[in-house]
Amino acid sequence: EPEVTQTPSHQVTQMGQEVILRCVPISNHLYFYWYRQILGQKVEFLVSFYNNEISEKSEIFDDQFSVERPDGSNFTLKIRSTKLEDSAMYFCASSEGSLSETQYFGPGTRLLVL
Amino acid sequence: AQSVTQPDIHITVSEGASLELRCNYSYGATPYLFWYVQSPGQGLQLLLKYFSGDTLVQGIKGFEAEFKRSQSSFNLRKPSVHWSDAAEYFCAVGPNQAGTALIFGKGTTLSVSS
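Read top to bottom, the protein sequences are chains R and G. Note that this note's numbering has the first sequence beginning at 1, numbered continuously upward. Note that this note's numbering has the second sequence beginning at 1, numbered continuously upward.
Worth flagging that the hints you see were computed from the coordinates, not collected in a lab. None of the hints are false.
Pair ranges (Cβ atoms, derived):
1) R:30 x G:20: 30 to 38 angstroms
2) R:70 x G:3: 32 to 40 angstroms
3) G:22 x R:74: 37 to 45 angstroms
4) R:58 x G:9: 18 to 26 angstroms
5) R:60 x G:111: 28 to 36 angstroms
6) R:17 x G:83: 35 to 43 angstroms
7) G:15 x R:55: 37 to 45 angstroms
Think of the CB as a built atom: it goes at the ideal place given N, C-alpha and C, for glycine as much as any other residue.
All chains, full assembly: derive it from the sequences and hints.
In structure tokens form, the structure reads like this:
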């Protein structure tokens, strides 16, 4: 069964460094998403992406964040200058784009900012 | 404001006993409703979803959920719990539109005792 994959599974970085989280969505899906889950808190929406542009973003998704689909398979989330509070599990998701909308999630990348 | 409430943070159930996890939502329009499960170290797996029609929906792993519009609820049930069901369960709501955010509850952690 097709699934969303994410790399790396864990990343440790120093505060102020740039990180890029990578995702490979399900191949025939058209919509892509990033969510995050700070430890002990709820899963929060960051951004959705369709047709090579952002379709919706939350207030969390500030200028420090960017997304890109650099080729036909990868979807990336870049955090330009990480802060301690960026430590979280980051989930990528994708959906087909039909009316019966279901988002399929990857296993997540756990980011730790020191 | 749109929101999802899962009143129970942690539930312990004996193996073989029945289970009900509660979910209440606040949403302006008719929502799409989802239950996801997250096992330790895993991503979010879709258990079931409600879009329209029959208010009792069947999902994977023997789970079902019932949409009750009058109570703004979408409770998850299973008649007989297995030890492998121990995980965190998230209720989520979303609009009838691709590319938009899912709103998650804080999750309920299920422990299964033998």
